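Student: Those protein sequences? They're chains F and U, same order as listed.
Add 12 to the 1-based position in the first sequence for our numbering, that's all there is to it.
Add 1357 to the 1-based position in the second sequence for our numbering, that's all there is to it.
What the hints contain is simulated information worked out from the structure, not anything from laboratory work.
Fair warning: this is a prediction, and the values are worked out from it, not measured in the lab.
Hints may be right or wrong, so weigh each one.
[Stated by the list, open to error] Here are the simulated distance ranges between beta carbons:
#1 269(F) with 1623(U): 33 to 39 Å
#2 370(F) with 1474(U): 42 to 48 Å
#3 96(F) with 1489(U): 49 to 55 Å
#4 1616(U) with 363(F): 31 to 37 Å
#5 1634(U) with 335(F): 56 to 62 Å
#6 1482(U) with 235(F): 43 to 49 Å
#7 1539(U) with 269(F): 52 to 58 Å
#8 1531(U) with 256(F): 55 to 61 Å
#9 187(F) with 1482(U): 49 to 55 Å
#10 92(F) with 1440(U): 17 to 23 Å
#11 94(F) with 1432(U): 47 to 53 Å
Ideal Cβ placement from N, Cα and C applies to all residues, glycine included.
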Amino acid sequence: MGSDFTLNRRRLLQGAAAGATVAALAGLPTARRAYAADFTVGFIYVGPHDDFGYNQAHAQGAAAVKKMAGVKVLEEENVPEDVAVEKSMESMIQQDGAKLLFPTSFGYFDPHILKIAPKYADVRFEHAAGLWTDKLPKNIGSYFGYIFEAQFINGIVAGHTSKSGKLGFVAAKPIPQVLQNINAFTLGAKLVNPKATTQVIFTGDWSMPVKEAEACNSMIDQGVDTVTMHVDSPKVVTQTAEKRGAMTCGYHCSQAALAPAGYLTGAEWNWTDLYPKFVTMAMKGEMIPNFYRGGFKEGLIKQSPYGAKVGDAAKKQADEVKAALSAGTYLIFKGPLKDNKGKEVIAAGASLSQSNESDVQLESMHFLVEGVLGDLPG
Amino acid sequence: MHELTAILLTTVLASTPMLFAGLGELVTEKSGVLNLGVEGMMLMGAVVGFAITTVTGHASLGILCAAVAGAAASAIFGVLTLLLLANQVACGLALTIFGVGLSALVGKSFIGSPLERIPQLHVPGLSDVPLIGPLIFGQDALVYLSIAIAVAVHLFLNRTRPGLIVRAVGENHDAAHALGYPVIRIRFLAILFGGAMAGIGGSYLSLAYTPLWNEGMTAGRGWIALACVTFSTWRSSRIVLGAYLFGFFTIAQLHAQAIGVPVPPEFLSMAPYLATILVLVLISRKASLVRMHAPACLGKVFHSAG
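All chains should be built: construct the whole structure from the sequences, respecting the hints.
Tutor: See below:
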């Protein structure tokens, strides 16, 4: 009896060991190993690649790169904004020979990219946000889009379709990029309906699903009938609003599939155009600009197709403004502009244009325009 | 009036998960065991409740399985602390971390799948009475269940002999042991009850409050439930008050932002913990007060041989 048992157990262990070895040999390296002839590009996401939000927008860009000939794409998701991203970057560089990296999350930049980039001068690091200055290593690039232009279009559409004129905005943190979106959305709505208001609730972090649902519910309880958001995954807000019969303007990428009835339109990133462009430049050995910004005109952002509830008047006005933005002749933040405390923030005649000259001011915005109900903490 | 109703209604919804978990933890702590794993057990309940309801289409089965999942998670804690005599604080913290990870793993494929909210009661006529109508006659079954359990726990601990035995075990396990009470078994049952309640509380989040599953969706509610027990100075009647008060803080914080009340939302989110610390300071000032309220053997390891 005893020896039988030992034998069986030994066999079992042998089998398990063999299985594990096969799995280790077969599974892991092939998933990561690239052929020498390929140009290897790595994408790192802070969340899941199918989050209907920030990460999905980047993953769509990565998918476009995958279709290019002679390019090998590596992807790693759910990488936290700590030393883990440094390990991911180094393993992509050392083991897979990646020459171009897109560590996409905001918090990857300082200190992680800044620490790794100087060690690998022949590798290019492209980061989505506005932090590069000419004092930093030249192999780091920063790109970003004026996505508030698309939030402005969202506002125009919402201003037309909202019955109560009460709009809601679920926001993560009161940082300039978020405030730009809140303000542009409100200005767009006020262009149509000067009495329109935007209630804003800050949840305090990029991914707070329950709090986002609570915020959305409490705004709808107060008579808001159209919501938009700036959080990592707009999924929860979109689904909550749809269930309550409210309308939604999306963000990051299209959430139309989540809200067939109430989805109006959305502000989307257009990384599917930009990433192949950057990869082509890198393959040819050209220098990607260290500081790259653009809106509709440069094709960095796009608008979701209009939903069923959007009327012809709304479509017409939204399309006109979008055409003007694409032509580069439309200014969103122009004086005289007051904040919601009555203080003048942009004087008559002045403006914050969507061009590199105003980027520093745009990216240090710290006010909420008239019509926004809510307060900036601190 | 409409908005006040909305605030009160959402307060009840926001409080119910904390009330369930708090009642469970109260019984656990009354038996002398400090289980800091409430957050992890709630998450297990939330994910299992959501998954079972999604797959089978029966919310009641989902809630039942959530209770079993919470109890199963607490059983691990029970084995470690009661049978293997491991440190309760360390095991409780580990249980929370374990629950966060395991629930994320189990729930991976359920992220983003839609689910209908469990139905709310509607009594024709009564549910339409302004303010109190929807508040009293328009809730879902779990809200009524939470109130019923609160009353039951109160009666159990204060009016029944088994309740007295649980409290005796929590006050002095050596004396209870000497009297012949099975300390380990009683504590194990109390831990299981705590786990089951935390599981139901978690499932309330994923089935009723915000019908969705997302990693770490409890977002600190387990800790608030723990704070609630201390805040109530281990009195069952005050658990209800504490849970509703803390629920009100979470809701008020959203409405305050929207209305523009000049109170920073961060202050309101830390209010439950501040209130708990305040209560702790107040009762700790007098040794007699502490002795009167806190179970004397709370968190202490019981060696049955010694």
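Student: Determine for every hint whether it applies to the structure shown.
Tutor: Going through the hints against the structure:
{"no.": "1", "hint": "269(F) with 1623(U): 33 to 39 Å", "in the structure": "holds (35 Å)"}
{"no.": "2", "hint": "370(F) with 1474(U): 42 to 48 Å", "in the structure": "holds (46 Å)"}
{"no.": "3", "hint": "96(F) with 1489(U): 49 to 55 Å", "in the structure": "holds (52 Å)"}
{"no.": "4", "hint": "1616(U) with 363(F): 31 to 37 Å", "in the structure": "holds (32 Å)"}
{"no.": "5", "hint": "1634(U) with 335(F): 56 to 62 Å", "in the structure": "holds (58 Å)"}
{"no.": "6", "hint": "1482(U) with 235(F): 43 to 49 Å", "in the structure": "violated (26 Å)"}
{"no.": "7", "hint": "1539(U) with 269(F): 52 to 58 Å", "in the structure": "holds (56 Å)"}
{"no.": "8", "hint": "1531(U) with 256(F): 55 to 61 Å", "in the structure": "holds (56 Å)"}
{"no.": "9", "hint": "187(F) with 1482(U): 49 to 55 Å", "in the structure": "holds (50 Å)"}
{"no.": "10", "hint": "92(F) with 1440(U): 17 to 23 Å", "in the structure": "violated (36 Å)"}
{"no.": "11", "hint": "94(F) with 1432(U): 47 to 53 Å", "in the structure": "violated (33 Å)"}
Hint compliance for this structure: hints 6, 10, 11 are not met, and every other hint is.
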